[in-house]
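2 protein chains.
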Amino acid sequence: MYEGPVQDLIDELGRLPGIGPKSAQRIAFHLLTVEPADIDRLTSALGRVRDGVTYCEECGTVSDADRCRICSDPRRDRTRICVVEEPKDVPAVERTREYKGLYHVLGGALNPIAGVGPDHLRIRELLARIGGGSEDEEVAEVIIATDPNTEGEATATYLVRMLRDFPGLAVSRLASGLPMGSDIEYADEMTLGRALSGRRTL
Amino acid sequence: MYEGPVQDLIDELGRLPGIGPKSAQRIAFHLLTVEPADIDRLTSALGRVRDGVTYCEECGTVSDADRCRICSDPRRDRTRICVVEEPKDVPAVERTREYKGLYHVLGGALNPIAGVGPDHLRIRELLARIGGGSEDEEVAEVIIATDPNTEGEATATYLVRMLRDFPGLAVSRLASGLPMGSDIEYADEMTLGRALSGRRTL
Numbered sequence: 333m334y335e336g337p338v339q340d341l342i343d344e345l346g347r348l349p350g351i352g353p354k355s356a357q358r359i360a361f362h363l364l365t366v367e368p369a370d371i372d373r374l375t376s377a378l379g380r381v382r383d384g385v386t387y388c389e390e391c392g393t394v395s396d397a398d399r400c401r402i403c404s405d406p407r408r409d410r411t412r413i414c415v416v417e418e419p420k421d422v423p424a425v426e427r428t429r430e431y432k433g434l435y436h437v438l439g440g441a442l443n444p445i446a447g448v449g450p451d452h453l454r455i456r457e458l459l460a461r462i463g464g465g466s467e468d469e470e471v472a473e474v475i476i477a478t479d480p481n482t483e484g485e486a487t488a489t490y491l492v493r494m495l496r497d498f499p500g501l502a503v504s505r506l507a508s509g510l511p512m513g514s515d516i517e518y519a520d521e522m523t524l525g526r527a528l529s530g531r532r533t534l
Numbered sequence: 333m334y335e336g337p338v339q340d341l342i343d344e345l346g347r348l349p350g351i352g353p354k355s356a357q358r359i360a361f362h363l364l365t366v367e368p369a370d371i372d373r374l375t376s377a378l379g380r381v382r383d384g385v386t387y388c389e390e391c392g393t394v395s396d397a398d399r400c401r402i403c404s405d406p407r408r409d410r411t412r413i414c415v416v417e418e419p420k421d422v423p424a425v426e427r428t429r430e431y432k433g434l435y436h437v438l439g440g441a442l443n444p445i446a447g448v449g450p451d452h453l454r455i456r457e458l459l460a461r462i463g464g465g466s467e468d469e470e471v472a473e474v475i476i477a478t479d480p481n482t483e484g485e486a487t488a489t490y491l492v493r494m495l496r497d498f499p500g501l502a503v504s505r506l507a508s509g510l511p512m513g514s515d516i517e518y519a520d521e522m523t524l525g526r527a528l529s530g531r532r533t534l
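Chains F and W, in that order, give the protein sequences. All residue numbers for the first sequence refer to my numbering, where the first residue is 333 and numbers rise by one. All residue numbers for the second sequence refer to my numbering, where the first residue is 333 and numbers rise by one.
Simulated from the structure, these hints should not be mistaken for laboratory data. Every clue listed holds true.
The list makes no distinction among identical chains, and a pair is therefore deemed to hold if it is satisfied within one copy or across any two copies.
Within a straight-line C-alpha distance of at most 25 Å, the following computed SDA-like cross-link-like pairs (lysine to any residue) qualify:
id	residue 1	residue 2
1	Lys354	Val366
2	Lys354	Pro480
3	Lys354	Asp479
4	Lys432	Asp479
5	Lys354	Thr375
6	Lys354	Ile371
7	Lys354	Thr523
Quick caveat, the model's predicted, so the values are computed rather than measured.
Produce the complete structure using the sequences and hints provided.
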């Protein structure tokens with residue numbers, strides 16, 4: 333619809349997830365009005381991500397250094413590991429302020445149709461962490477926080493089977509049920525079914 | 333919440349209009365998974381817009397060449413000019429497929445509070461176009477398509493006054509009223525008032 337660089341920018345922005353043609357147009361025309369330095373900061377941030385980000389050697393989340401801030405924080409409880417699919421799940425759990433342990437990022441979930449098997453995920457690294465702790469830092473609990481969908485459930489089931497080999501290790505899974513603040517009337521049957529089967533005695 | 337380049341990218345993306353922290357995070361993690369060439373195309377498009385886009389000498393919309401595709405299209409009706417505020421309004425009118433004339437981009441709307449007066453808009457250029465056409469291309473109609481808000485209305489009123497000096501020139505304004513597919517019940521009083529005062533005899 334437009335010509336030249338503006339249309340190219342609209343096209344490229346429109347390829348990003350969650351950005352439709354209208355938003356892409358709005359952003360492009362906004363960028364026509366900003367200082368060149370503002371665009372420079374954006375392109376420089378893009379360039380640094382393009383050149384590769386580094387991952388924590390221990391938990392696998394995105395990190396500036398060899399070990400991320402959480403793994404190198406002496407105040408964290410090293411006997412607990414929360415297993416998540418992606419780096420973006422770490423700040424989601426952190427925001428609850430309910431968890432003081434460590435994390436382990438799998439790098440995805442089992443998905444046979446898409447060709448993602450156990451060897452594609454950081455499962456071997458997880459087992460090594462559980463088996464390799466020194467005596468006073470032995471892992472006592474693994475909380476499986478994969479997504480509550482088909483792939484995440486399959487991954488959780490697989491992990492539970494692998495973790496049976498560690499006697500004394502507590503393995504738990506995040507509760508499924510009705511989201512807080514929601515309406516039973518509008519809950520889908522899967523969620524309501526989970527809320528029923530996971531009901532707590534009061 | 334994250335570290336290093338990923339957080340920088342999330343911060344920069346979050347500065348764009350319509351992109352909240354969640355979308356910025358989603359886009360940043362998406363960009364971690366794409367080919368470097370995809371990021372290169374985006375940064376290159378940003379760079380070209382940063383280095384300046386060119387505008388059509390005639391109508392003032394963004395353009396690759398000295399004259400945009402619409403102004404240089406011999407099939408367009410050169411006796412009609414649709415006056416819009418911004419380049420992004422041109423494709424909006426084009427999508428209706430109802431208009432075959434030319435455009436004139438003002439580059440904004442009158443806004444005394446923000447210090448935007450008539451001299452800041454391309455009004456002089458509009459008057460020159462109307463007065464300067466050769467005999468067989470004389471402008472016969474100006475359609476004022478500024479936004480139906482305070483600034484757009486003030487701009488329209490100002491333009492109508494200026495255009496009175498051209499005898500025989502038809503000057504019109506886009507109709508205001510209820511949007512198609514909307515509910516009278518939910519219409520704001522301004523819109524409903526306009527729909528009433530602009531009612532058509534059937």
